[in-house]
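Asker: Given the coordinates of chain D, work out where chains E, W and X should sit on it, guided by the hints.
The listed protein sequences derive, respectively, from chains D, E, W and X.
Under my numbering, the first residue of the first sequence is numbered -17, with each subsequent residue one higher.
Under my numbering, the first residue of the second sequence is numbered -17, with each subsequent residue one higher.
Under my numbering, the first residue of the third sequence is numbered -17, with each subsequent residue one higher.
Under my numbering, the first residue of the fourth sequence is numbered -17, with each subsequent residue one higher.
A pair counts as met if it fits within one copy or between any two copies, since identical chains are not told apart.
Using 27 Å as the maximum straight-line C-alpha spacing, the simulated DSSO-like pairs for lysine-lysine come out as follows: (1) K151 <-> K244; (2) K153 <-> K188; (3) K153 <-> K79; (4) K252 <-> K61.
Think of the hints as simulated: they come from the structure by calculation, not from any bench.
There are 4 protein chains.
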Amino acid sequence: MEAHNGLSAKIVQEAGFQGIWASSLSISASLGVRDSNEASWTQTLEILEFMSDATDIPILIDADTGYGNFNNVRRLVKKLEQRDIAGMCIEEKQFPKTNSLLEGAKQPLADIDEFAGKVKAAKDTQRDENFCVVARIEAFIAGYGLSEALKRAEAYHLAGADAILVHSKEKTPHQVISFLEEWRDTSPVILVPTAYNTTPTDTLIKAGADVIIWANHLLRSSVFAMQKTAAKIYSDQRVDNLDSEIAPVAEIFRLQDVNELKQAEKQYLK
Amino acid sequence: MEAHNGLSAKIVQEAGFQGIWASSLSISASLGVRDSNEASWTQTLEILEFMSDATDIPILIDADTGYGNFNNVRRLVKKLEQRDIAGMCIEEKQFPKTNSLLEGAKQPLADIDEFAGKVKAAKDTQRDENFCVVARIEAFIAGYGLSEALKRAEAYHLAGADAILVHSKEKTPHQVISFLEEWRDTSPVILVPTAYNTTPTDTLIKAGADVIIWANHLLRSSVFAMQKTAAKIYSDQRVDNLDSEIAPVAEIFRLQDVNELKQAEKQYLK
Amino acid sequence: MEAHNGLSAKIVQEAGFQGIWASSLSISASLGVRDSNEASWTQTLEILEFMSDATDIPILIDADTGYGNFNNVRRLVKKLEQRDIAGMCIEEKQFPKTNSLLEGAKQPLADIDEFAGKVKAAKDTQRDENFCVVARIEAFIAGYGLSEALKRAEAYHLAGADAILVHSKEKTPHQVISFLEEWRDTSPVILVPTAYNTTPTDTLIKAGADVIIWANHLLRSSVFAMQKTAAKIYSDQRVDNLDSEIAPVAEIFRLQDVNELKQAEKQYLK
Amino acid sequence: MEAHNGLSAKIVQEAGFQGIWASSLSISASLGVRDSNEASWTQTLEILEFMSDATDIPILIDADTGYGNFNNVRRLVKKLEQRDIAGMCIEEKQFPKTNSLLEGAKQPLADIDEFAGKVKAAKDTQRDENFCVVARIEAFIAGYGLSEALKRAEAYHLAGADAILVHSKEKTPHQVISFLEEWRDTSPVILVPTAYNTTPTDTLIKAGADVIIWANHLLRSSVFAMQKTAAKIYSDQRVDNLDSEIAPVAEIFRLQDVNELKQAEKQYLK
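This is chain D alone, in the form it adopts within the complex:
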């Protein structure tokens, strides 16, 4: 499940999900910039660190192109491991990237060998054997067909990718399902049903998907709520009528774990 800061990450964990998707779209949007590498990679890394500090479940970062070439990827892997991030998904585009769902955007792909080099560099760099490198196939997004997608997935699999994420912006899952049929479980496959959101999850799982990422729904939920609340306060000029739509201050304090600090003060401040 998507999160974009420490708070939403904690909400994901408390809801019971097994892992967190640190979405590039959500993080950039919450910062107030575009999903086009306007925030630097270390600014994103700082958000990641807060997310990691606030939670105990695995975080998979949506790391765009890796923010440069194989050498930037090597540095990134080191920095992610230091911050207890469980894995990294990189996509075969060119820096700076453009969001895959943006209509009319050009999506030039990376050279296969160059991207496979990135995957291999990442795997060679990691020190924690559990760190996970996911290669994200953008061939469908860029207008290519199944054979190009498979060729690329195969190359990245051979380069060491732990899993393949196949992306599609079609409203039906036909592209990703055709991929799953041919891929035949060569390695785990991750799907992101944002565009084809009406397909039952079961259908995707039965087709062979190993992981489903709901990639931006907490952010979108918060935008909807904040716009509604802002409009209401602006028109009513009062806040006493919001109790059924906003969390109490005490719930904010609970999410911040203020009780732990109170206990610690007793122990360390006399």
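Answerer: Chains E, W and X in isolation, oriented as in the chain D frame:
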């Protein structure tokens, strides 16, 4: 109206509000840490810069104690002005601070002269004559009465404070209204009706308040919505039934102003 | 004159130089990383901000490729202006860049139109009319001849570049002098005599150079001194015999301007 | 041996020293600010991370007061361990601190119990059993005598401090030697002979010191060299006569380990 990142700041602006309250509680909570100076002042400053980049209306930062002594305040003012922040509210507590609404927390106040020195240092440092320094009176929060609150407000007013923010955690506005009666418009007064949220805004304005800050309601609204959405997705394992509760992806793109980038690409990329 | 942090920048200013070259090689080396965009652009920006805070003379940043495409350049210009940086030099390479003096390194150039678009985007973004955009010609570095260098310089000049920096790694200045002869003062020209360091400065000025940058000599001087001092302390296991080779602690305090703080404490701390 | 950035840290390691002292004075001075917590703790942390990335030997950070109370110390320890910092020295002053060697500065000490709480909180937070917490006794600096210094050292030792650093600004080591005599090896003792720099190291070791820190000599060496080089270039307007006083560009490249990148390019870029 409160905001805590670039996105919520833009939502505040689009709703029509005249200014943005960069709340310390909200910013710390959204980062996933406590409102006890766990994030460094430059980490907060970076959030502020994103908020400023995303908006055109004035931002008033809830700057806790100024993050140290008068010298830290001087540096802070310079950094805020460089990032086009309109003003700064500092409170008469000791570093690291504790949130004023936290039950049972000790709230030791700063020495009056020391805090007045901070106010004076801030005013002497600013280069933009419109930069605004607000002194936040925590006497009521700390358990003192009206005369202490007035004595402190007077000292900070004389030190150059452009406005006074009087805080109270009572459920009724009696403390702040008694203050307004005695203060008699010596300088502008700001109120934060979080605890006494059922008092009609008109009552506060008629009592002499110049500015009302709704200090954390967008954050609380987003927490409520994200918790609900997370629970629903976790139980239903689907996202197609959320359309009436979440913003479309296209709305996220609009908030990020992707169209400006598309236009600019035509101009600068051939 | 080159500087790489707040301290060296202040030393440059105190020596009487008219401007500071915030060298990418020096800054990366002082951080301990390679001159290949291993540090993020915001990490470099933070160093720049400290340099700007410590000085009053103009700082020209060696901004590599602009750290991405025209859109990254636009954001960079805004951030530099906010930090009182006087100008930016960008070079026609591809991100991530490689240092121009590195033997045997591939140096693929940017497409002319794409780089001219960056220059134009920078000029359109600046708000301070004095902000300066320098286009750095890497054609000689990449193995091209004079006509390519001139063609590129002309394109960037037409796109709005305030000055041209022509780089060469030859041990004699023949390339840059041939450029100056043909350029005939179309716009100001900047030279960086690191490789052709034995050419008298007068020769370069008479040939038409408008600005000479000594691009890395303070860093190299500090490395030489620190290596010598470290070796001496390690072998002698004493520090009393260093007085003629190290600045007194009092000189460090003076460079930090501790006296201003002492005075301010009298004024603001009672 | 002191270092203040990635480059000087690598020089310390290459010289053969067993550990690096990340000096607060040196780091602040190199950034161009005062040793009074003008840089935020996360800005210092970023410098530390570059130092750690550039070296393999243990780094002990001069962490001032811990940048706040016990809770700030807890967060600091977590962040230091993530960045592979070997240990932390905190001093019994109040935030923001003042450099101990600054003449005429007030040096109010922390309350003993409060500081002991910080030490205990640090020890309880660390996950790596080798992480080292050093308590720095400032009693002599603040004008107190031996008994106060011993009382404080004892309290911090009981709170779990792995070592004691006794500081003195006297020109002779009489204070620290008197401390060593009474302390009788209760725990390891660290000395910083900046003021009493003429005392032979052997004398300090024989008196019982376990570790000697040369706390600022690389920075002071670099300032001396940069000032001399800057003056010379400014007056001569040439750089060809500096070869015996500056490191070659190739030496900078070597320190940046460009060869490793060249090799890696062969492997990952085809």
